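Chemist: Sequence:
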Amino acid sequence: MAATVSDNLLDWYDAHARELPWRAKPGTPSPEPYRVWLSEVMLQQTTVAAVKPYFEAFLARWPNVEALASAPEEDVMAAWAGLGYYSRARNLVKCARAVAELGHFPETESDLRRLPGLGAYTAAAIAAIAFEKRAVVVDANVERVVARLFAIEEPLPAARKAIRIAADAITPDMRAGDFAQAMMDLGATICTARDPRCLLCPLSNACKARAEGDPGRLPVKAPKKAKPLRQGQTYWMENDGAVWLVRRPGTGILGGMRALPDDGWNARSSGSMQAPSPGIWESAGVVRHTFTHFSLELTVLTSLGASQPDGQGEWWPIDSLDEAGLPTLFAKAARLAQSG
DNA sequence: CATCCGTGGCA
DNA sequence: TTGCCAAGGAT
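Here the UniProt record's numbering is used: position 217 in the first sequence is 217, and no number is missing along the way.
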């Protein structure tokens with residue numbers, strides 16, 4: 001009987017699996033569901049390199065799901081600062097509390113899917129990796145590998161249905177967790193978006209796109225929209241070794257995160273250029289930052305000896321600003337304000 | 001199905 | 001420098 005795609009891939013994985021902090025070695029028992037869940041949420045649209053230090057820090061500070069469930073939400077938000085997509089952090093707390101209340105992680109894909117922050121991908125990944133369930137795990141890596149393996153010409157995202165059917169067809173009944181991680185490792189290291197390394201690929205003999213000569217052109221993707229440019233201001237108000245910080249609204253860009261006050265810029269429009277209090281404002285420069293769907297030119301204005309502005313906020317000691325948990329945009333602005 | 005939601009690395 | 005891309009989810 002001929003070796004299947006999954007046999008070849010699992011053999012390759014046994015020899016070449018990446019060693020990652022949240023991962024068990026091939027053939028050893030599954031890692032704790034808490035570690036699998038935490039890493040999978042952090043890895044949503046985020047690179048392995050970016051996740052590693054956050055995973056280690058979270059695990060050291062909150063060693064299990066009960067500890068995380070007991071943490072104040074704002075502590076988790078601050079610890080997440082810099083990792084992006086901050087709704088993940090709020091859903092992480094909600095999910096931890098639901099799991100702690102339940103007493104354990106659900107083990108089936110459909111039950112996992114009901115938890116906050118767990119969509120089709122993450123629920124399948126946890127079921128397969130933590131609980132050895134057969135689940136069809138489809139992320140961007142799997143989409144790319146499968147689109148090439150079967151030479152699926154239909155563009156994304158319309159091709160997702162066909163890709164799922166093809167992925168299902170090659171997913172084995174046993175070792176589905178290792179299979180999923182092997183597909184992702186293959187996509188990350190061999191079957192890469194640009195210049196796939198087919199000479200090193202354990203699936204090259206079966207790959208239809210390679211047989212046709214130009215696997216790198218798949219999967220076809222719909223063209224992207226241009227990002228509008230927005231302009232805004234942010235305000236560094238300093239008084240007696242402290243800076244005035246606010247908490248952003250729970251929804252929208254950087255929702256729920258601690259921040260410098262600003263003039264109300266957002267994805268749809270530029271800011272009002274109205275400072276939060278009258279006074280002498282000096283420009284410290286401009287921060288350029290690109291979000292998922294718009295770019296921002298943020299002018300940083302500073303005021304020394306600023307008086308207490310109207311509205312909610314707090315004076316934060318500047319020498320411990322690192323612990324405020326500012327998202328990257330405002331961390332850049334703060335750095336600029338202090339450099340001048 | 002489309003839009004909103006971060007960030008850093010890389011060619 | 002600019003654009004592309006990454007272990008997606010919620011609405």
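It should be emphasised that the hints constitute simulated quantities derived from the structure, not laboratory data.
Careful: at least some of the hints might be erroneous.
[Stated by the list, open to error] With a Cα cut of at most 20 angstroms, we get these calculated SDA-like pairs of lysine to any residue:
1) K133 to P106
2) K332 to Q308
3) K208 to P155
4) K221 to W315
5) K332 to G279
All values reported here derive from a predicted model rather than from experimental measurement.
Chemist: Each hint: holds or not?
Modeler: We went through each hint and held it up to the structure:
{"no.": "1", "hint": "K133 to P106", "in the structure": "12 angstroms, holds"}
{"no.": "2", "hint": "K332 to Q308", "in the structure": "23 angstroms, violated"}
{"no.": "3", "hint": "K208 to P155", "in the structure": "17 angstroms, holds"}
{"no.": "4", "hint": "K221 to W315", "in the structure": "47 angstroms, violated"}
{"no.": "5", "hint": "K332 to G279", "in the structure": "23 angstroms, violated"}
Checked against the numbered hints given earlier, the structure breaks hints 2, 4, 5 and satisfies all the rest.
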